[in-house]
Structure formats: structure tokens, C-alpha cells
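There are 2 protein chains.
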Amino acid sequence: MAKLTSRSEDYSKWYNELVVKADLAENSGVRGSMVIKPYGYAIWEKMRDEMDRKFKETGHVNAYFPLFVPKSLFEAEEKNAEGFAKECAVVTHYRLKNDPDNPGKLIVDPEAKLEEELIVRPTSEAIIWNTYKGWIQSYRDLPILINQWANVVRWEMRTRLFLRTSEFLWQEGHTAHATKDEAVEEAEKMNNVYADFAENFMAMPVVQGLKTPSERFAGADETYCIEALMQDGKALQAGTSHFLGQNFAKAFDVKFTNKEGKIEHAWATSWGTSTRLMGALIMTHSDDFGLVLPPTLAPIQVVIVPIFKGEEQLNQISEVALEIQNKLKLKGISVKFDNDTQNKPGWKFAEYELKGVPLRIAMGPRDLENKSVEIARRDNLTKETRPLEGLDSYIEDLLKTIQKDMYTKAFEFRKDNITKVNSYDEFKKVLEEKPGFIYAHWDGTAEEEEQIKEETKATIRCIPLDDDVEEGVSLISGKPSKRRVLFAKAY
Amino acid sequence: MAKLTSRSEDYSKWYNELVVKADLAENSGVRGSMVIKPYGYAIWEKMRDEMDRKFKETGHVNAYFPLFVPKSLFEAEEKNAEGFAKECAVVTHYRLKNDPDNPGKLIVDPEAKLEEELIVRPTSEAIIWNTYKGWIQSYRDLPILINQWANVVRWEMRTRLFLRTSEFLWQEGHTAHATKDEAVEEAEKMNNVYADFAENFMAMPVVQGLKTPSERFAGADETYCIEALMQDGKALQAGTSHFLGQNFAKAFDVKFTNKEGKIEHAWATSWGTSTRLMGALIMTHSDDFGLVLPPTLAPIQVVIVPIFKGEEQLNQISEVALEIQNKLKLKGISVKFDNDTQNKPGWKFAEYELKGVPLRIAMGPRDLENKSVEIARRDNLTKETRPLEGLDSYIEDLLKTIQKDMYTKAFEFRKDNITKVNSYDEFKKVLEEKPGFIYAHWDGTAEEEEQIKEETKATIRCIPLDDDVEEGVSLISGKPSKRRVLFAKAY
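Just so you know, the sequences run in chain order A and B. Positions 1 to 491 (full-length UniProt numbering) are the ones given, in order, by the first sequence. Positions 1 to 491 (full-length UniProt numbering) are the ones given, in order, by the second sequence.
Extracted from the complex, chain A is given alone in its bound form (with noise of 0.2 angstroms):
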């Protein structure tokens, strides 16, 4: 197996071999749109499980809504319909006919033009919100707190496995509310919600924080976020939690009488996060020689390799080894006992390296006369010999002490590399030299932002909801600024 391009000779090129050679996904045969080949897919359906379970601990319920979005509701909620017409798919026709001209080959059937187009959802507020419509009469009726699982389609046009892709999967929650008060609550109740998913699961340390204007979902009053430091210094948006405020109700007629009989437009937040956080966690916690996976996400969390020369040590070594399966099972760990006889325990070493499995037991001839086994950790590639007895206990606590591990070294690498800066020249020097998110006084106009990007590709990730207030001038303006915000380059 070729080796990986290194990290530090082309970050990009790594992460697109890393994902490919991993088995994570690929490109397919339609522009832009990836195939999540199964080991990808099985640590998306660890993430969607746990985030799901949140989710209802919550109070959320799942339903569906439909695909398509005809023109005439995608364009209700008008700034909404700006921020997704230009990148948005269009079905205009519901039959193929034969191509007279080509036998075997089919073209549009023109009799079969639809009345009106339908958008392939780019995100389901309009459908939604023409639903809730039905279902919202009284304040009795509220809150309303619905997800949905679904893919979607926004039409990109510069593409990469998980981070941008033309159709992806992901979560949308949808909830409408009595109050503001109550829908603002909800927005920041599933950021943080997001916020802890990412560090307690996927062992990843985010900054909450909220969008300026310019940046916030198209349509939303507010946008709250996690954002998450990726090993190259640029910033990743792993989530984001709309407050919608009456802007969907109004455009779609969504009234509701309250509790003192007055009638009122309801007020809303739109939530979610998808397949892109396969990148994040990818560009968090990944090295030179493949995967690194927290426990918790490990579709594998331990790999026995037996090291053996003929049939006899291999049923040996297998005797015990399904032993240790069988207790690392019983305490709810995935193990596999990799048995194959084609390949050599090198090769196997290195798959699993590649494929990021926390944990390695390998076992050969003298280990079976010590009683004794090698655990090698993937996350910091130390290995240690370790007796039998009390194996499973152990591997069950190393687990743990991994998971944190991860956490730690990947919030250690952020703290290495935020930097405050006091002044435009000072940003740039650090953008160039030592990139990473750089908190810095902003004077809260989008001119300032806008040039600021213009100049150094950098923008405002987010305004930190932290309590690290401190007064100062902007960059560029030297206008007074009441807290620095969360400068970067991002995915």
C-alpha cells in the first residue's frame, strides 16, 4: 500500500488520500455528489445515533418532509430563496420518452413539463413552515420541536469529500414557539447541545459563539455556532442553530392564538449539522499514517492480531484470543479478531493505522507462554505488553483515558495556536506565518469585515459567547470594540 502524503508536505492532498484510502467515501459518477462508502457511513450512523439521542432527550421528535419544494414556496420567505436560488437543483419534467433518433437511449419527454418547478430542498424551512401552518391554531399547539434526517442539495461548484458536496446528508431541526423569549432559548439549548456532542463524542473542542450579520443563515435574525480548529490552522463550522424570529411564520401566514387571546405569528428556530462534521473530525485528530478515531465513533474499537507461522500457533493464539473477545464484548467494546491467513500481521498493522482502530492486541507464540498480550494505542503510537488477567477491565479503562487523551491533545493544539492581535499588520504577519484563529477587535461593521476578507481571506468566525470580554480598537477603523471576536481562514 503507497503511503499517505504527509500532512506538512500537502494538508489537502492528504485529507483527500486520507479519505479515499480509509474507505471513507469517494467520488462518484455525478458531479459533485459522494458515495459514503460503508466504513464512512458506519461512523456517521455512531454520530447520528448519539446526536438523535440527544436530540429526544431534548424533547425533539423525528418526521419527513417532502424532497421537493415547489418554486412558489421556495420564494415565500424571500431572503431565504436569495441566499439558496443560485446553487439550487430544478426538476421541470416527470417522464423520459424514447430518442427517436437513438435506439436504446432515452431524452426529456417535453409533453411531460411540469406546471410548476420543483426545488430539490436545499433545506426544508419552507416546506416545513407550509406545513406548520396546518398544525399551529393555538398557543396549545406550541412549541412544536420536530427534526428530520435528510439529504440535501445545494449545488456547489467546487467540491471535496464531506466538507462540500453537492448533495449531503444531515439533520434539520424545525421548531416553532409562543415566545421569543422561548424560540431564542431553543436556538442556544441546541448549540449547545452540538457544542457538547462535539467534545464530549467526537473529542473535539469548539468555540460557541454567534455569526455577524453577514454571516448568518439566510433568512435567520440569528445564527449561533460551534466552530472547531482544524490542524492546519483554518476554522471549520461544525454546526450552526438559527433563531428565525417571525420571518417564516410571516412569509408563510403561521398565526397562532395566545394565551391571552390575541393572535400572533409564531416564532421559530432551524438547527443542524451533517456529514461535513465527517471532515472535522477527520482534520482534528488525524496523522501521517491514517485515521485517528475517538473511541466513541470507532466502527472497530479494538483489533486482535495474531502473529504466527502455521496452522497450530494460529489455533493456539486463536484460543485465547476469542477469549479476550468475548469479555472485551461482553462490556459492550467492538472487537474484531483478525484471523485472515493472506495477509501479514505488517500489513495488517498498517490497515488498521490507516483506518484509525483505537486499540491494537497483538499476540504472538511468547506472549501466549507469558500470558501476556502487546496494545499498541493508535492516538499516540506507544505500546505497552500487558498480562491476560484483568485485560478486559483495563482496555475498557484505556478507552476512556484515550477519549480524553484525544480531547486534550486537540485542545491543546488550539490553545497553541489562538492568537490575540492588536493590530491589522500584526494579522496579517500571524495569517501568514502562524494561522489559526486570531482573536482580534472588530468595530461591528460589515465594511470592516468585508475588507478584512477581502484583503487576507480571513472572516469573522464567530463573536464568542464566552465571558473573556475585553474592551479595545478595531484592526482597520480604530473604532472603540467592546470584545474581540474569532478571526480565521475556513473550510
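Don't take every hint at face value.
A pair counts as met if it fits within one copy or between any two copies, since identical chains are not told apart.
[What the hints assert, rightly or not] Computed cross-link-like contacts, BS3-like style, restricted to lysine-lysine with a CA-CA straight-line distance of at most 27 angstroms:
id	residue 1	residue 2
1	56	482
2	434	133
3	331	415
4	133	13
5	327	409
6	329	46
7	21	259
8	355	133
9	79	479
10	113	479
11	56	327
12	453	327
13	97	86
14	56	46
15	344	355
16	255	453
17	250	327
18	105	259
19	3	133
20	457	371
Bear in mind the hints are in silico, worked out from the structure with no lab data behind them. No experiment lies behind these values; they were computed from the predicted model shown.
Since the structure of chain A is already known, use the hints to place chain B on it.
Relative to the frame of chain A, chain B by itself:
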């Protein structure tokens, strides 16, 4: 709440009303597409999770393939293309723009016309076999055992909630094998998995069989199916499993080197079930009061309704009810305690009957005194008084009994509605007077099959796979037949 139309009055109307009133689904603003509401989706999630477990248990893994199929791939397997060309949604453009004549409105941007049209997948054989081409070189790459959970679109002219919708949710398994025998075995195995799921999880008896050539999936060499009988005597195809031969491997040039070093085309299967199963579930068990759900699929298995006057009584009852709830939850039973004070017990009784909750526990002051509760079964509408002591174990057993009884009831119904007929006159008479499954002889020709369909609207649902073989002569042509086949009018 207005009562449901009764089944005897108008079965079709009863079905449509029930789906909407029980909050399962509703029609959307998109022609032929439905909204699956949270309660309906919760039932579908249970179906999905159980099937997914069974697929994984039989060695399958999940993956995800693109929604869009480029026209050139779509038309590659001719029979498959022909089968779906007349009902497919076609994406022709990738952008909207502002309508210069109507401010605030959007139109399709003619400059954003796709070079090649994209078909919204009606099924994924084409896109998947185009992908498998890159995955299969040697017999060592086989078998590939993949399943996908996805949405698909078939442009149906006449739609009905769950039974026939333009967009629906489904799973589609797509496997590749080195030999014909292995592929046939896979197709049979998955049909068995479907039958097992239908009978043991949905409490719905099914007949396993083979489709006639004219009823086969477009592109299949053989289609296995499970057929269920609805309460109105119509059949419903609940799942299909196809042996695809080498048709797709040839269309997409998927070849591999076999063990003997020779190059040959791979063998394929595909198999699917969809949200149509929701319709089957409803029409197998439900009654004039509403849904009847088997305990395995009920989002709420037990509801506790307090019967009280005043807050003090409610508090007393609540104490006991919460204890019951906790004990049942420990046994993995989902329980709702409905202590809402707005709605009267009678209203609640009707509501949970409509929603098909398998068991209702009612508790009033006298029950409190007697340390007892009233238990009502949804399936057979019987009631009994039971002591609090040992209630949790009693209910656990009772839920299993209900599951069995529901299957038995449906099985008995089917037995009573299978008629063996030996002449065409008898056939037509039975269809008229007592519609259901009809076992009759067929001469094996498409002509006789077509004539019967034309004249009676009954189709051959399947050639059963059971051992009940009995020779005879066919209905119209009078030619010899080796076994009876299963006829019915169908959904």
C-alpha cells in the same frame, strides 16, 4: 372528535381518515408527496431499526449513494430504464434567478442548463453498479453486501398516503456475488428476512412466492416477494427481493477474475421494503375505532389514565401511577402517564384507541382503595381488573400475548379468505362475493394472465414457494398446471 367512517361503509375512506386522524401522515403542498408526522415516523423508526438489525445480523453493512442518476447511467440497463422512464423526476437546471418581470419572484435560469439531465433515483441499481465497477476486480472482493436507507421518487399519477406516493422512504439492498447460486441464495435469504420481520414483528402473515415474468422488477431475472392480505380482501405486496442475474454487471461492465483465473461478470441481487409497510400495518390490524398496533411497533405500549375529581385525588393516583410507570420502564416497556387536566378520561380513552396504544390502564379512587387497576386491551377491546401486586410482570406477559393474538387473528382472517377455485366462473364469483386470496391453476402464459387481469382486475400475486403442490388444469386455456398460484386484486 368526529368518528371514523366505518370499514364496512367505505374501506378506502376509513383508511384515508385513519392515517390523518391518528397523526400518521398527511398530504403535503407537493403533488403526491406526503409529510410523515412524528407519530407515524416513530412507528417507521421502529420498523427501520428492527430491519436494520436483521440486515446487519445477516452480514450486511449500510452505505449511501447519490440521489441523482445521470441519464447515461439511468439508460444503461435497458429493461430497468424502460420500467422507470415513464415516472421519473428529471433535474434539468441548477440555478434560479430573479424574474425581471415580477419583482420578488424567481424563474429558472436558462443559462444554468445541465449538459446531462439528472434523474432523481426511482431505485439505485444503476448508480450503485456504476460504483461497484470500481470495487470489484477479483473474487476476493466478493461478496459485497450493502444496504441503503434512502428516499426515492416515482412519479405516480394517483397517490395515496403510504401506499403510493411520489416520494417514499425505503431500504434497498444491493449485493454482488461471484456465483449464480450464491446470488440466488441471497435473494431467497432476504425474502425470508422480510417474511420473518412481517410475521414476528408486524404480526402480519405473508405468503412467500415468486412473481410471474410480467410482474417482475424491471431488470430482474427472478423476483421473490412477500404478499399480505388486507382486511378488504385485497393483496398488498409488502417486500420484494430480486435475483438480477448478470444484467447490471453486463450493463455496467462489472467483471472479476474468479478462483480459476477466468474473467466473468458479477451476479447481483437487490431487495427492498418501504414506508408502504405502514399501509400494510394499518390495513392488517386496525378497526373502526382507530389504529391497532402490535406491541413491538407501538411508540407508546401502555398508557395510564387517571380518573379523578380534584387535585387531591389526582395526586394520590399519580403517586401509584408513577410507581407503575417506573416498574414498567425497568422492563423496557414504554409508558405514558397522561395526567393532563384539560381533557376528560372518556376523551383520552378514545384518543389512545385511535392511536392504537396496545394497553390502557385506568385508575380511579375505587381502584386506589382496592389496590387494583382496570386494564383494557386495544386489540380485542376486552377489559379486566387486576391487582397492583405483580402488575408489571402481568403486563409484560400480556404484551407478548397481544402480539401473538394479533398474529393469530390476522392468520385466521387470511385462512378464511383463501379460496381454492377450479373454474373461471367460480373464480369470478368468488372475486365478486368474497374477495381475498384465490388459489387457482394457471397455464404459465402471459396471455392467460393478461386476460384474467383485463377481465377481473385480479393479478397473479405470486407463485407460492410452499410445498402445497397439486396438479390441475388452468382457468381459461384448460392446459395442464403443476401447481396453483395466488391470485388477488391488489393495492
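### Message
When Cα atoms must be at most 27 angstroms apart, do residue 3 and residue 133 count as within-copy, between-copy, both, or neither?
### Response
This pair counts as between: shortest inter-copy Cα distance 24 angstroms, intra-copy 56 angstroms.
### Message
I want to check one pair: residue 329 and residue 46. Are their C-alpha atoms no more than 27 angstroms apart within a copy, between two copies, both, or neither?
### Response
Classified as both: same-chain Cα gap 17 angstroms, cross-chain 25 angstroms, threshold 27 angstroms.
### Query
How would you classify residue 453 and residue 327 at a CA-CA limit of 27 angstroms: within, between, both, or neither?
Classified as neither: same-chain Cα gap 55 angstroms, cross-chain 60 angstroms, threshold 27 angstroms.
### Query
How do residue 344 and residue 355 come out at 27 angstroms by Cα distance, when the copy is not named: within, between, both, or neither?
So residue 344 and residue 355 pass the 27 angstroms test inside one copy only (17 angstroms; across, 58 angstroms).
### Task
First find the shortest C-alpha distance between residue 105 and residue 259 inside one copy, then the shortest across copies, and answer within, between, both or neither for a cut-off of 27 angstroms.
Answer is neither: 62 angstroms inside a copy and 36 angstroms across each miss the 27 angstroms cutoff.
### Task
Up to 27 angstroms between alpha-carbons, please classify residue 97 paired with residue 86: within, between, both or neither.
between (29 angstroms within a copy, 7 angstroms between copies)
### residue 457 and residue 371: within-copy, between-copy, both or neither at 27 angstroms Cα
Neither: 58 angstroms inside a copy, 73 angstroms across copies.
### Task
Pop the pair residue 327 and residue 409 into one bin, within, between, both or neither, using alpha-carbon distances up to 27 angstroms.
neither (30 angstroms within a copy, 44 angstroms between copies)
### Task
With 27 angstroms as the alpha-carbon cut-off, assign the pair residue 56 and residue 46 to within, between, both or neither.
both (15 angstroms within a copy, 15 angstroms between copies)
### Task
Give the relationship of residue 255 and residue 453 under a CA distance limit of 27 angstroms: within one copy only, between copies only, both, or neither.
Answer is neither: 40 angstroms inside a copy and 51 angstroms across each miss the 27 angstroms cutoff.
### Same-copy or cross-copy closeness of residue 355 to residue 133 [CA-CA at most 27 angstroms]
Answer is between: at 23 angstroms across copies they meet the 27 angstroms cutoff, but 47 angstroms inside does not.
### Intra/inter-copy verdict for residue 113 and residue 479 if alpha-carbon distance must be at most 27 angstroms
Neither. Shortest intra-copy (57 angstroms) and inter-copy (47 angstroms) distances fail the 27 angstroms Cα cut-off.
In this structure, the earlier hints numbered 1, 2, 3, 5, 9, 10, 12, 16, 17, 18 and 20 are contradicted, and the remaining ones agree with it.
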